[in-house]
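Peer 1: Protein sequences appear in the order of chains X and B.
Residues 163 to 870 in the numbering used here are what the first sequence lists, from first letter to last.
Residues 163 to 870 in the numbering used here are what the second sequence lists, from first letter to last.
If you're looking for bench data, these hints aren't it; they were derived computationally from the structure.
For every residue, glycine included, the Cβ atom is placed at its ideal position computed from N, Cα and C.
Be a bit skeptical, because a hint or two may be false.
Calculated pairs, DSSO-like style, for lysine-lysine (alpha carbon to alpha carbon, straight line, at most 30 Å) [as the list claims (entries may be wrong)]: (1) X/Lys-559 to B/Lys-342; (2) B/Lys-251 to B/Lys-170; (3) X/Lys-251 to X/Lys-217; (4) X/Lys-781 to B/Lys-282; (5) B/Lys-415 to X/Lys-611; (6) X/Lys-803 to B/Lys-282; (7) X/Lys-399 to X/Lys-611; (8) B/Lys-531 to B/Lys-559; (9) X/Lys-703 to X/Lys-342; (10) X/Lys-415 to B/Lys-531; (11) X/Lys-809 to B/Lys-820; (12) B/Lys-387 to B/Lys-531; (13) X/Lys-781 to B/Lys-611; (14) X/Lys-217 to X/Lys-387; (15) X/Lys-387 to X/Lys-531; (16) X/Lys-809 to B/Lys-611; (17) B/Lys-815 to X/Lys-703; (18) X/Lys-531 to B/Lys-559; (19) B/Lys-820 to B/Lys-611; (20) X/Lys-415 to B/Lys-611; (21) B/Lys-282 to X/Lys-820; (22) B/Lys-867 to B/Lys-809; (23) X/Lys-573 to X/Lys-703; (24) B/Lys-342 to X/Lys-415; (25) B/Lys-342 to X/Lys-342; (26) B/Lys-803 to B/Lys-781; (27) B/Lys-170 to X/Lys-815; (28) B/Lys-254 to B/Lys-282; (29) B/Lys-251 to X/Lys-781; (30) X/Lys-867 to X/Lys-387; (31) B/Lys-282 to X/Lys-415.
Distance ranges between label pairs, derived from CB positions [as the list claims (entries may be wrong)]: (32) X/Asp-676 to B/Phe-689: 47 to 55 Å; (33) X/Ala-750 to B/Gln-732: 47 to 55 Å; (34) B/Lys-809 to X/His-702: 44 to 52 Å; (35) B/Leu-711 to X/Asp-676: 51 to 59 Å; (36) B/Ser-490 to X/Asp-676: 51 to 59 Å; (37) B/Leu-711 to X/Thr-643: 44 to 52 Å.
Number of protein chains: 2
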Amino acid sequence: MNIDKLLKPGAIAIVGASGSPTRVGGRLYNNLIRHGYQGEIYPVNPKHDSIAGRKCYPRVGDIPHPVDAVLIAVPAGAVFSIMEECGKKEIKNAVIYSSGYSETGAEGRARQQQLAALAKRFGIAVCGPNCVGIINFRDHIAMSFSQFLNAPELIPGHIAFISQSGALGGSLLNRAQDKKIGFSYFVSGGNEAVLEASDFMEYFVSDPSTRVIMVLLEGIRSAEKFLQAADRALEMKKPIIVMKVGKTEVGRKAAGSHTGSLTGADAVYDGVFRQHGIVRVDDLDDLYLTAAAFSKSRLPAGNRVGILTSTGGGGVILADRLVENGMSVPDPLSETSSALSEVVPSFTAVNNPFDLTAQLINDPQLFHKCLEVFADDNNFDAIIAAVSMVAGELSVKRASYIIEGMQSIDKPLFTWWAAGSLSAPGMDLMERSQVPYFSSAAQCVNALKALAEYAVFSSRPRAGVSTPAGRIPPDSHRVDTLLQLPAAIMTEDQGKALLAAYSIPVTREAVGADLQKVRGIAQRIGFPVALKILSPQVTHKTDVGGLRLDLADQDELEAAYNEISTAVQQNAPEADIQGFLVQEMAPAGREVIIGINHDPQFGPVIMFGLGGIFVEILKDVSIRRVPIQEQDAWEMIREIKGYRLLKGVRGEKGYDLKAVVDVLIAVSQMAVDLKDRVREIDINPLIVYPDGGGVKAVDCLIIKKGAP
Amino acid sequence: MNIDKLLKPGAIAIVGASGSPTRVGGRLYNNLIRHGYQGEIYPVNPKHDSIAGRKCYPRVGDIPHPVDAVLIAVPAGAVFSIMEECGKKEIKNAVIYSSGYSETGAEGRARQQQLAALAKRFGIAVCGPNCVGIINFRDHIAMSFSQFLNAPELIPGHIAFISQSGALGGSLLNRAQDKKIGFSYFVSGGNEAVLEASDFMEYFVSDPSTRVIMVLLEGIRSAEKFLQAADRALEMKKPIIVMKVGKTEVGRKAAGSHTGSLTGADAVYDGVFRQHGIVRVDDLDDLYLTAAAFSKSRLPAGNRVGILTSTGGGGVILADRLVENGMSVPDPLSETSSALSEVVPSFTAVNNPFDLTAQLINDPQLFHKCLEVFADDNNFDAIIAAVSMVAGELSVKRASYIIEGMQSIDKPLFTWWAAGSLSAPGMDLMERSQVPYFSSAAQCVNALKALAEYAVFSSRPRAGVSTPAGRIPPDSHRVDTLLQLPAAIMTEDQGKALLAAYSIPVTREAVGADLQKVRGIAQRIGFPVALKILSPQVTHKTDVGGLRLDLADQDELEAAYNEISTAVQQNAPEADIQGFLVQEMAPAGREVIIGINHDPQFGPVIMFGLGGIFVEILKDVSIRRVPIQEQDAWEMIREIKGYRLLKGVRGEKGYDLKAVVDVLIAVSQMAVDLKDRVREIDINPLIVYPDGGGVKAVDCLIIKKGAP
């Protein structure tokens, strides 16, 4: 759908136009005029002949000129006929502000479906309904009734802002423009009956005036579309900054969303955003500040930060924040000390943070001189300059030194300024400069970290949707045979046979129907063995006493056989016993869990975590949408908190992570290949052995599609 | 030391006074005058006869009137003679701005010691040196050269602010006063040669004009003094809000501090602050915003929050934040829905967050009406009102509704306002009101959470320094005998004997010198047993192969004996073998660690954590200063992330936490009783059994004072 004319209309009709500033139609008209719209405006309202001296048409069809976009601000009931008129007049773009659609219950939802159908019939691109509209900052086209438009002027820039909350969208625009942060476009699409956030993302990815896209997100309609736009943005190196609201269960409920998969929907967003190079922020102010930093600054080559400060305490605060956020604050090179001692003979050694407080009293220009030398240090990928209480003219000087300094520095230079209104003259200069500037140390560090992470995202092999090549193809015949078995929940042995068909190492094992068979199998496998009940009704064997481990000989095996039989009969009398699984006792190792779940938003997702408490208590898991690439698998392993346990601690040898990567990729491939037949896979545990020792799946649960 | 006249001097001498605004002495003079000091000012400077028309004295001794406080702004070299003159003239208070003391290396440190000695000799209370000074906002006495004093006026209030960073102190004052947040006093004590932050804290605790104390802290000089002031503040219900900088290793290095104990100094601060009811914040802006919230609001009775919002997205953001911070966002009572449907017939059900967006378009006054009814809901302990983009006059109305609403609400009402300068008129009203008001949702929630936590702190039994009563007294004779043994590191059996003397349950065990003795002991204790090497040189038995567990019979015991002997001879040939410890195999249970470490700042601290990876990888520990009370012990157990594992998960029975509390208190008592003799205690693991089953110390390491 071509929405170019929706965002840059040369002729606009306003249906429901009014001279009254208390009506939406009046505000739309006023805002367009006041902010300098240069195209044609055709007010439409049967009640008026003219509005503010401009001829007013009774109906859209009466306008004797072509119209690029129609703004509709009439009660919901009147919208359909207007849409039909637009259709007849071949108007291809509409913004519908009217409420009374899906936000109001069943009747409204039906009305919205009808609206969408009409739009489709006439091929009209619709923004809304129930929206605050669109602002084109580049061409001064304010098609919105947001009170933000009470602002005296619109500051154009290179950030496109898509907000699924109209009220917060206007609020953030107001705040960002207070700080002189410019925008290319603002879109708040309301109920998204036709056009959704992803459509606008796609447009802005190709829009030459947009360098950064920021999104205030409540929910995604089509994950596929959203991620395609994200992948394309990554290719074009246009960062997408997202604040996703509705993170907690309570928040999601409040957002009216109905997600909440096993792994927790928010963790899924985290994983998928990471996978597709989408920058996630956790606070409204971080959203526009980070976007502004991206639009101004080059990317750092790494995460090593040099701090130049005129406040000792401020330097410490920055250092704390950086380290807490996984950045590093290394010592400067000794060359830097020598070079600086030439600038200021009293310097002996230079530290990081480099505190100039004492020296600045005598020579304010020192900041400028030191900045260049300090920033030249090869130990630093980026520089933060910290400024505190300097008032009036002194604040202007300090700002100038930093802004001038930036010209001669070939790495990102950020500034944190701790003071308030007394430093306003200098801060104002900073805001107008190309130096990313922050009033909070936390926001400064958050933004710099986002740039550093994005530098990694955007330089790694593309994490798109293609299936990784070069993998061992599965044994398709065996896969089909196994999946044709009737039960919806596969028994452990069937599940493992399916894993084995995908070349995933599993325990040696076989099923016996009675004690004699069980004895024979154990003899063949070799003691010690484990004995497990097999029944589609028993998914948690431990809970019913259906499992005995580490059986050393035939006597222990027989005892276990009898105990399990009795226990299961007592605890799960309804269970259909399909036999007993005799299994080699896999030697101990590090236990991990690999699983596939179905996320309502993103479809099949793969989960990785350490076994036991790490997943259950600490929710320490990493998640990606399938398919994953090798790079994703490594990132999944490295991003969990417990990674140190896999890497090897206290001189212990590391574990065979290459083998884990292979399993992750194989399971991801299973999920893709079998996406119409398998709903859930849970390998728990997969035992990982020291480096070179491989892995072994010890238990697994596979649930087919359509299972209850 | 009485510092009343230092903070409220009726007559001030300025040594180094000047007419030049670029000199510290000139700025001090100007600031005093400009901000309306009503007392006497005596400029002192041999170079001038008068300053701005006021007579100038060559020396302090020449002033023919009594002087309450002297402000010294001369080079460090000239300070000593001035101090002597002050001594002779019986001036008891001084603020020394001069630099060139401990901040400048060895020579400066010596000069500072000399200064402190002089102050002591003459009984002069000194603020500084190298400080930006003191501001008394109540009486308009600006004894500082901070550029903050370029502000047009000083806004008095009830917050006393102690800042160990002069530059950040001024910056925060500027920001806070921009938001109309008033102060009683500001003190920045620089190098703290004589008066330290705790002295001022103590003063402000008793000062009737101060209701809240906020501290920007880099380090504590005397922990005892600091905590006494904190305890007294808690008694007086005057909250102390602290931002501690230098949290990370890099930050601490930058702060020039030399702490860094085993448990990590920052975790110690966290624990001790909690123990003494000190509110800790993590951001500069949170510091004054939280202080302001305390100074304006009553405390909430709990952590259940009702959200009334004019932005759906904003309500979701607040709900997310609250839940992420351990607060709750419960559903409203059904009565509230009924009551609200009387106010607005179109309401059917009311949710939390309660989103008024749609309704407000038709009736802006609705906010007011709904606020009262909604806030009356007994499911809520506090209310947050969220406001977004309303401009100009509408913003004034919205603010008025909230402020009026507050009058009739008997619980805390906070406001988050998401917009920017277009809402300035309304925001301005908010700032001047008694409603805690925030421009960031995160800051709003942080402050409310701080109030809720403080409500708990301040209502619990006082956590002071008294030893808990009613405990079983230790077996002193046995304790003395054990501690008189020569080795600096106690062997495991000695350590456990010491634990046992404090009634801490330990494993049954005995030491045998040879295989025959070992066999006999095992026979007596009963199999299975563990066998461990005993040597003061072997503190980690596993590392040298000096440990075998779960020995089932005499054969296994003998094999283990031989293996251990060989292994230790190979791996630790220098070890002095004192025998073999034969120990009952304690049944499995949940493993925890209890330890005592010596913190350089706070002395002996007690640490609690879950065994293994929880402590080693996740640093999931709780820490308190000893002695602890029963309440502290419970809080220590409950605050670790792994608490759920102790409470019992997935229907599992909980563990015997009462028994853990007893051990924590006993170990705390050990640390106090033996503080001159024992440096470190490490019980690892203490096995905890299901409720009623008690605990058992399985291994322990006790290091005496003076050990290498």
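Peer 1: For every hint, state whether the structure bears it out.
Peer 2: Cross-check of the supplied hints:
For the proposed pair X/Lys-559 and B/Lys-342, the alpha carbon gap of about 27 Å is at most 30 Å, so the pair holds. Restraint check: the Cα-Cα separation between B/Lys-251 and B/Lys-170 comes to about 19 Å, which is no more than 30 Å; the hinted pair holds. Between X/Lys-251 and X/Lys-217 the CA atoms are separated by roughly 19 Å; this keeps the pair inside 30 Å, and the hint holds. Using a Cα cut-off of 30 Å, the hinted pair X/Lys-781 and B/Lys-282 is violated, with the two alpha carbons roughly 57 Å apart.
A hinted pair counts as satisfied when its Cα atoms are at most 30 Å apart, and B/Lys-415 with X/Lys-611 qualifies at roughly 22 Å. With a CA separation close to 53 Å, the supplied pair X/Lys-803 and B/Lys-282 exceeds the 30 Å bound. Taking the CA atoms of X/Lys-399 and X/Lys-611, the gap is near 17 Å; set against the 30 Å cutoff, the hint holds. Only pairs whose Cα atoms come within 30 Å are accepted, and B/Lys-531 paired with B/Lys-559 is accepted, the gap being roughly 13 Å.
Taking the CA atoms of X/Lys-703 and X/Lys-342, the gap is about 62 Å. The hint is violated against a cut of 30 Å. The suggested pairing of X/Lys-415 with B/Lys-531 holds, with an alpha-carbon distance near 25 Å, which does not exceed 30 Å. Straight-line distance between C-alpha atoms of X/Lys-809 and B/Lys-820 comes to about 37 Å, which puts the hinted pair past the 30 Å bound. Restraint check for B/Lys-387 and B/Lys-531: the C-alpha separation of about 50 Å exceeds 30 Å, so the hint is violated.
At roughly 24 Å between alpha-carbon atoms, X/Lys-781 and B/Lys-611 fall within 30 Å of each other, so this suggested pair holds. For the given pair, X/Lys-217 sits about 42 Å from X/Lys-387 by alpha-carbon distance, which is inconsistent with the 30 Å threshold. Only pairs whose Cα atoms come within 30 Å are accepted, and X/Lys-387 paired with X/Lys-531 is rejected, the gap being roughly 50 Å. A threshold of 30 Å between alpha carbons decides the hint, and for X/Lys-809 with B/Lys-611 the separation of about 38 Å lies outside it, so the pair is violated.
Distance hint between B/Lys-815 and X/Lys-703 is fulfilled; the C-alpha atoms sit about 20 Å from each other, no more than 30 Å. A distance of roughly 51 Å separates the Cα atoms of X/Lys-531 and B/Lys-559; the hinted pair therefore is violated under the 30 Å criterion. The suggested pairing of B/Lys-820 with B/Lys-611 holds, with an alpha-carbon distance near 28 Å, which does not exceed 30 Å. Using a Cα cut-off of 30 Å, the hinted pair X/Lys-415 and B/Lys-611 holds, with the two alpha carbons roughly 22 Å apart.
A hinted pair counts as satisfied when its Cα atoms are at most 30 Å apart, and B/Lys-282 with X/Lys-820 does not qualify at roughly 68 Å. Between B/Lys-867 and B/Lys-809 the alpha-carbon distance is near 36 Å, which puts this suggested pair outside the 30 Å criterion. About 58 Å separates the Cα atoms of X/Lys-573 and X/Lys-703, which puts this hinted pair outside 30 Å; it is violated. For the hint linking B/Lys-342 to X/Lys-415, the alpha-carbon distance of about 37 Å lies beyond 30 Å, and the restraint is violated.
Taking the CA atoms of B/Lys-342 and X/Lys-342, the gap is near 24 Å; set against the 30 Å cutoff, the hint holds. A distance of roughly 10 Å separates the Cα atoms of B/Lys-803 and B/Lys-781; the hinted pair therefore holds under the 30 Å criterion. Only pairs whose Cα atoms come within 30 Å are accepted, and B/Lys-170 paired with X/Lys-815 is rejected, the gap being roughly 66 Å. With a C-alpha separation of about 11 Å, the suggested pairing of B/Lys-254 with B/Lys-282 holds against the 30 Å cut-off.
For the hint linking B/Lys-251 to X/Lys-781, the alpha-carbon distance of about 68 Å lies beyond 30 Å, and the restraint is violated. Between X/Lys-867 and X/Lys-387 the alpha-carbon distance is near 25 Å, which keeps this suggested pair within the 30 Å criterion. With a C-alpha separation of about 64 Å, the suggested pair B/Lys-282 and X/Lys-415 falls outside the 30 Å cut-off, and the hint is violated. Checked against the hint of 47 to 55 Å, the pair X/Asp-676 and B/Phe-689 fails, with Cβ atoms roughly 36 Å apart.
A hinted range of 47 to 55 Å is violated for the C-beta pair X/Ala-750 and B/Gln-732, which are about 25 Å apart. Hint check: B/Lys-809 to X/His-702, Cβ distance near 21 Å, so the stated range 44 to 52 Å is violated. Taken as a hint, the range 51 to 59 Å is violated for the pair B/Leu-711 and X/Asp-676, whose Cβ atoms sit roughly 37 Å apart. B/Ser-490 and X/Asp-676 have their C-beta atoms about 55 Å apart, which keeps the hinted 51 to 59 Å range intact.
Look at B/Leu-711 against X/Thr-643: about 46 Å separates their beta carbons, and that is inside 44 to 52 Å.
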